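2 protein chains.
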Amino acid sequence: MEKYSPGILQYIPFFYVIWSDDLLSASEVAIVEKALEQDNSLSKEERDTLFKWLKRTNPPSNKEFKNWKHTISKSMVKLVESDTYPLATFSQKVVCRYNDECPFNENLKYIEVNLGIQPNHYNHLFDVEVIHQKTSHYYNAHELDALLKGKHANVIDNFRSFLSRPLFDWNIHRDKDEFRKRVLEQVQFLGENGYGAMAYPKSYGGTEDMEGYAAIFENLMYVDGSLAIKFGVQFGLFGGSIQKLGTKKHHDRYLKKTGEAKLLGCFAMTETGHGSNVRGIKTTATYDSKTDEIIIHTPGDKDNKEYIGNALHAKMATVFAQLIVNGKNEGVHAILVPLRDDEHRLLPRIKVEDNGYKLGLNGVDNGKIWFNQVHVPRENLLNMYGHIKDDGSYHSDIQNPNKRFFTMLGTLVGGRICVARAGLGGAKFALAIAVKHALRRRQFNDNIKIQEDLLLDYPTHQLRLTPLVASAYVYHVTLDRIMEAYCNEDHTDKRKVETQVAGLKSLITWYANDAIQECREACGGKGYLLENRIADLKGDVDIFTTFEGDNTVLLQLAAKGVLSDFRAEFNSAGFSSVLRLLTTQLGERLSAINPVYTNKTDKEHLYNPKFHGHAFNYRTKRLTYTLAMRIRDQIKKGVPSYQAFLKVQTHLLALGKAYSVELAYTLFSDFASTLKDEKNRLLFQKLGTLYALYEIRKDAEWYLEQGYMGRTKSKAIRQRVERLCSELRPHMEVLVDGFGIPEHCITAPIAV
Amino acid sequence: MEKYSPGILQYIPFFYVIWSDDLLSASEVAIVEKALEQDNSLSKEERDTLFKWLKRTNPPSNKEFKNWKHTISKSMVKLVESDTYPLATFSQKVVCRYNDECPFNENLKYIEVNLGIQPNHYNHLFDVEVIHQKTSHYYNAHELDALLKGKHANVIDNFRSFLSRPLFDWNIHRDKDEFRKRVLEQVQFLGENGYGAMAYPKSYGGTEDMEGYAAIFENLMYVDGSLAIKFGVQFGLFGGSIQKLGTKKHHDRYLKKTGEAKLLGCFAMTETGHGSNVRGIKTTATYDSKTDEIIIHTPGDKDNKEYIGNALHAKMATVFAQLIVNGKNEGVHAILVPLRDDEHRLLPRIKVEDNGYKLGLNGVDNGKIWFNQVHVPRENLLNMYGHIKDDGSYHSDIQNPNKRFFTMLGTLVGGRICVARAGLGGAKFALAIAVKHALRRRQFNDNIKIQEDLLLDYPTHQLRLTPLVASAYVYHVTLDRIMEAYCNEDHTDKRKVETQVAGLKSLITWYANDAIQECREACGGKGYLLENRIADLKGDVDIFTTFEGDNTVLLQLAAKGVLSDFRAEFNSAGFSSVLRLLTTQLGERLSAINPVYTNKTDKEHLYNPKFHGHAFNYRTKRLTYTLAMRIRDQIKKGVPSYQAFLKVQTHLLALGKAYSVELAYTLFSDFASTLKDEKNRLLFQKLGTLYALYEIRKDAEWYLEQGYMGRTKSKAIRQRVERLCSELRPHMEVLVDGFGIPEHCITAPIAV
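These protein sequence lines are chains H and V, in that order. Note that the first sequence covers residues 1 to 752 in full-length UniProt numbering. Note that the second sequence covers residues 1 to 752 in full-length UniProt numbering.
None of the hints are false.
Because identical chains cannot be distinguished in the list, a pair is counted as satisfied if it fits within a single copy or across any two copies.
Simulated crosslink set (DSSO-like; lysine-lysine; CA at most 30 angstroms straight-line):
1. Lys3 / Lys637
2. Lys78 / Lys637
3. Lys698 / Lys715
4. Lys74 / Lys647
5. Lys698 / Lys647
6. Lys34 / Lys637
7. Lys637 / Lys93
8. Lys621 / Lys715
9. Lys109 / Lys600
10. Lys78 / Lys282
11. Lys621 / Lys610
12. Lys636 / Lys55
13. Lys698 / Lys600
14. Lys637 / Lys52
15. Lys647 / Lys52
16. Lys181 / Lys315
17. Lys181 / Lys351
Source of the hints: derived by calculation from the structure; they are not laboratory data. A quick note: this is a predicted structure, and the numbers were derived from the prediction, not measured.
Let the sequences and hints guide you as you build the complete structure.
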């Protein structure tokens with residue numbers, strides 16, 4: 001074995017790591033070169049040798065490499081992961097073993113820090129024993145949690161400790177009636193303590209804090225999915241309909257009681273035959289001027305209200321129906337209809353049927369409701385956007401029935417954000433459990449090592465969970481920002497926010513389901529046991545992709561929103577000028593994509609938020625343009641627009657997704673760049689980078705097809721995703737602790 | 001409006017359809033040209049006009065196109081989907097409307113057939129009313145079912161009608177004890193009727209029909225997932241271990257009783273601390289020569305048997321443990337250990353704990369088992385592959401302990417095939433329900449049409465379900481063939497079959513979960529109700545990705561199997577020659593990929609099984625080659641092989657998947673080509689084509705990165721997948737009926 005001088009020796013662990021890596025880039029070589037130049041402890045010969053070993057065109061021989069390895073092995077030095085600079089410290093110890101003098105070399109630290117070398121990159125390269133640590137404490141979970149909570153910290157902290165009451169303890173409930181009873185008690189208790197009314201005006205017991213409401217809503221998922229949903233039905237949907245669609249008389253009479261859960265209500269919109277097509281519902285609300293009453297009626301077989309949460313507990317329902325005044329259908333309106341008397345007996349002419357057992361959410365009492373000519377007073381019409389005057393005529397300030405319909409529905413968009421928040425909460429919860437399990441469970445082993453490896457030390461396991469954790473951070477910030485925009489009275493473009501919410505709700509609830517499924521599988525058979533919580537999350541969150549707007553329908557809505565800026569111009573002469581404008585815009589962007597760009601694979605470029613932003617924006621623009629062109633071609637041929645849109649349905653979905661991903665990334669990246677503390681800012685930016693590269697990777701075929709990305713770039717991105725996952729490995733526990741899930745909620749035995 | 005001569009008029013619906021299509025290829029134009037040339041009813045002028053309208057470089061003007069549309073609309077002719085040649089018949093009727101003579105034109109039929117024009121391609125192009133039919137009867141479900149049943153038709157048909165007994169009626173069971181009791185009764189009844197013993201020798205009550213056993217196993221999924229799994233545990237795992245690992249004395253004593261479910265048993269392999277790593281289990285079986293007994297013992301905290309099905313009902317367990325004879329560990333062996341006495345009381349020193357509620361399969365009693373120095377006679381060792389002689393020494397015919405271990409495990413591979421079969425059954429069941437629902441449920445509508453569209457008339461809905469239905473056909477044939485190979489005593493390469501099963505089990509159980517999830521979402525909220533069956537399938541099939549070998553682990557096993565041909569040569573001089581060989585093979589294949597090929601987008605090429613086979617084989621070969629290169633590089637540097645494999649883990653998974661997809665496609669495609677009846681053969685080949693293009697599409701980024709596929713080809717494949725889905729739309733109900741699911745099992749209200 002060739003012996004090395006101390007100067008060279010100290011660099012050998014670094015060179016060993018560097019040359020074991022497939023990813024060494026020119027800029028990374030430059031960092032090492034800089035360190036060598038700065039290092040005054042080196043003689044000229046030593047420096048020359050080391051420089052020679054850096055040549056990528058003429059790499060060190062395998063013999064040399066083996067000699068390095070041998071030198072390291074023979075030193076018997078242990079690598080200690082918990083050291084602040086593990087590799088530099090390791091080098092120092094190796095030198096100490098063979099020499100008397102062995103000062104700590106700052107230049108080695110410089111390389112370690114600037115190459116972002118992480119212990120788990122190289123610990124498998126040394127067959128000396130490695131002292132593993134399941135987590136690093138470089139970052140602080142409380143700081144991360146504080147960043148996520150933002151201005152709602154107070155509300156959230158209070159709520160989390162409120163949830164430690166025994167009433168919120170988690171239990172397995174198999175019988176739906178017993179389960180529903182429990183959840184009802186929880187909802188009532190939350191109402192009594194002011195949480196139900198949070199989003200309502202102060203005069204009705206609230207704090208007018210819709211944003212805070214969304215945050216606590218997410219936290220309810222850590223207790224139980226059924227609780228979150230029943231809570232949302234009672235206070236968000238039922239209460240929200242009174243607040244947003246009703247007027248002062250309704251508020252005065254019902255809002256406070258609703259917020260306290262003393263008046264239980266349901267939100268009867270969906271019908272068996274009409275799910276996503278709300279405008280097509282068949283229930284009628286006919287005004288009878290003789291009695292000054294409105295008659296609610298279910299005309300046909302499949303026209304009953306379906307899947308209505310709280311249907312078995314509610315005293316009252318907000319019923320959506322076609323309002324007919326003087327024989328004219330004024331479109332869908334909401335009417336308050338009492339369902340039961342004080343003894344909880346159904347009122348005459350109303351039938352309610354239990355929907356029965358479901359895949360999840362069995363603590364929520366979903367039911368079907370039929371109305372057989374049910375009379376209610378005229379004042380029960382929630383008349384914010386349309387009312388029946390004393391003279392029996394209909395009036396609305398919004399002339400256009402279409403616009404009126406969408407205005408009414410628009411007031412309910414907050415609920416969609418909350419559903420996405422709850423989905424995100426479910427994903428965070430599952431990820432926290434899966435990551436903690438993966439840091440406890442060992443599997444297989446190397447003959448050399450005594451212990452089996454931790455699950456999370458497997459590259460596939462890292463790849464499975466890490467991008468999902470990064471996405472949770474991105475989506476948390478996204479949903480906070482979008483709720484802020486939704487609540488901002490000054491925000492003029494309400495329609496735009498609705499479009500954005502439609503897209504984000506789909507994106508995030510699908511993400512949540514994928515994440516929970518990955519977590520289930522990542523926990524193996526243990527993830528399948530109810531006691532470990534992931535199973536219930538799977539069942540509960542599953543339906544989030546369907547309710548509050550089916551994801552497939554919502555994505556099309558989002559895409560049409562993107563198109564809407566120039567949709568008005570379809571079929572008109574102006575259309576082509578809009579297309580010209582779009583072409584110009586796109587042309588400018590396209591011109592940026594020269595071969596150098598499409599094959600740029602260096603780390604600086606791939607980690608640059610400008611690249612990510614450009615890639616996402618290019619995709620949205622390009623899909624919009626090609627979509628518009630396809631629709632135009634159809635319409636020019638005389639194909640009716642409904643048919644033309646049907647033909648491009650898959651294209652619409654792609655645009656809806658692309659738009660939503662771009663939006664999420666932009667909101668997160670803007671947020672990250674404002675963080676004052678550098679350490680955390682860099683962490684957030686790294687999470688953003690992982691999210692961006694992971695998402696680009698997922699649609700790599702599209703980028704390749706478009707020629708936006710060359711083949712080597714696509715491969716480089718894949719490698720970078722794997723690399724980022726392994727870089728984040730030591731921080732995974734801190735990252736999931738940063739979600740701030742109360743410890744008393746994490747009851748899963750595998751996570752403890 | 002310009003009037004057309006009858007000769008031209010008859011072609012107008014065709015030209016209208018053709019020019020509405022984005023996909024018209026040169027070869028398709030050629031078909032129309034041929035028809036025009038053959039058509040003697042056309043005058044020269046008419047033919048010239050029609051030829052002119054075919055020019056892709058100079059397409060008909062929008063004015064012309066609109067005039068066609070107008071002509072069709074004004075005719076008021078209805079398009080009748082159920083006509084044998086709907087478009088040719090429609091054309092004839094249009095001509096009849098304007099002229100006295102209007103014979104049926106065979107040349108139009110020729111175009112319709114050869115272009116593969118399907119009514120659902122063009123019905124949205126006509127705003128005259130279309131008479132929709134939810135299904136075509138061109139194919140026959142019974143014929144398809146017969147093809148899938150193959151030589152097992154008799155067994156399967158009898159079994160399906162056997163399942164119509166009230167004992168097998170589906171019910172919601174929420175209480176696990178009551179559910180388990182029911183499932184136990186069902187298993188016992190199946191045992192009493194000879195189904196449990198099917199795979200056993202005739203002398204023990206069986207029919208030696210392992211292949212038939214797999215088929216009925218799949219059919220059990222139509223009754224209930226818990227039933228299938230408990231059946232598999234009792235007869236397949238417990239009984240199978242006696243049959244395969246035991247010798248005559250065990251067979252004589254236990255096999256008949258086991259097959260009749262008079263002796264209930266469990267299969268105790270997995271331990272809490274050791275899931276996938278069976279070789280690392282800790283339970284010991286120490287031979288005590290003094291008493292001639294074997295002592296079963298659970299040494300540590302997490303060394304108990306875990307997740308053992310039938311643990312609460314079983315009288316006996318096949319326990320896997322480290323066999324220690326005369327102080328020497330002879331490796332993992334199986335020993336029969338009585339658990340309970342005749343009164344079902346646990347025997348001394350044995351502890352059993354219920355695993356509790358799970359996401360699904362709550363009719364199966366999974367439990368944990370601890371042994372505290374439990375003595376059993378020496379003869380309880382299942383001694384097929386290793387035994388303790390009368391003199392107290394250990395003997396095995398297989399010297400190599402590694403080989404011995406894998407030989408023992410290999411006998412259990414049949415169970416893995418059955419798990420995949422059951423997963424497939426679950427997927428078929430969910431698909432049948434979702435397709436039937438999509439042919440009943442209407443949603444939204446065009447203002448012009450009176451009815452809302454059927455869900456399955458939406459392109460996104462077709463794209464969602466059709467490739468999954470095609471995959472079910474592919475995987476059915478695949479699993480039948482692989483079971484045949486497994487059961488074939490003459491098959492010499494057992495190891496190869498094991499590798500294949502490992503890959504296919506992963507591929508197909510993942511597919512099953514994806515399919516069931518798609519079906520759940522495709523049925524909206526209705527899919528979430530237990531009464532509609534998909535929810536239970538979701539919960540039950542979920543764990544199939546984990547048990548009988550975790551999919552991630554199995555895929556790596558499969559990939560290592562692919563590598564194994566030259567793995568022996570690693571580290572040796574011979575390795576490079578193997579690589580050279582591989583390079584040559586690959587080189588030949590690579591040489592085929594010239595730019596013409598990578599951008600070939602015509603239908604003939606894309607539908608050609610040779611293209612599919614080449615694409616799949618290329619991927620497997622290429623991934624093998626690059627994987628071997630990467631591992632070699634590591635090993636050359638002296639990295640231990642365990643670490644080298646860890647580093648390439650994601651690469652291994654990719655290879656495992658690629659290999660399995662290639663295998664499935666090859667087996668299916670070979671089968672399809674042998675079908676005698678042309679109509680069905682073409683249908684099966686179309687399903688194979690859809691499967692192939694869908695799978696290539698899923699990995700499009702890889703093919704693009706490798707330069708195997710050009711950008712236009714990738715896009716063309718995407719379009720062809722959509723097209724094939726829409727072509728198969730009229731046959732979807734027949735295709736799912738072809739699964740042969742007994743009607744009495746399809747209890748889902750949404751499917752009726």
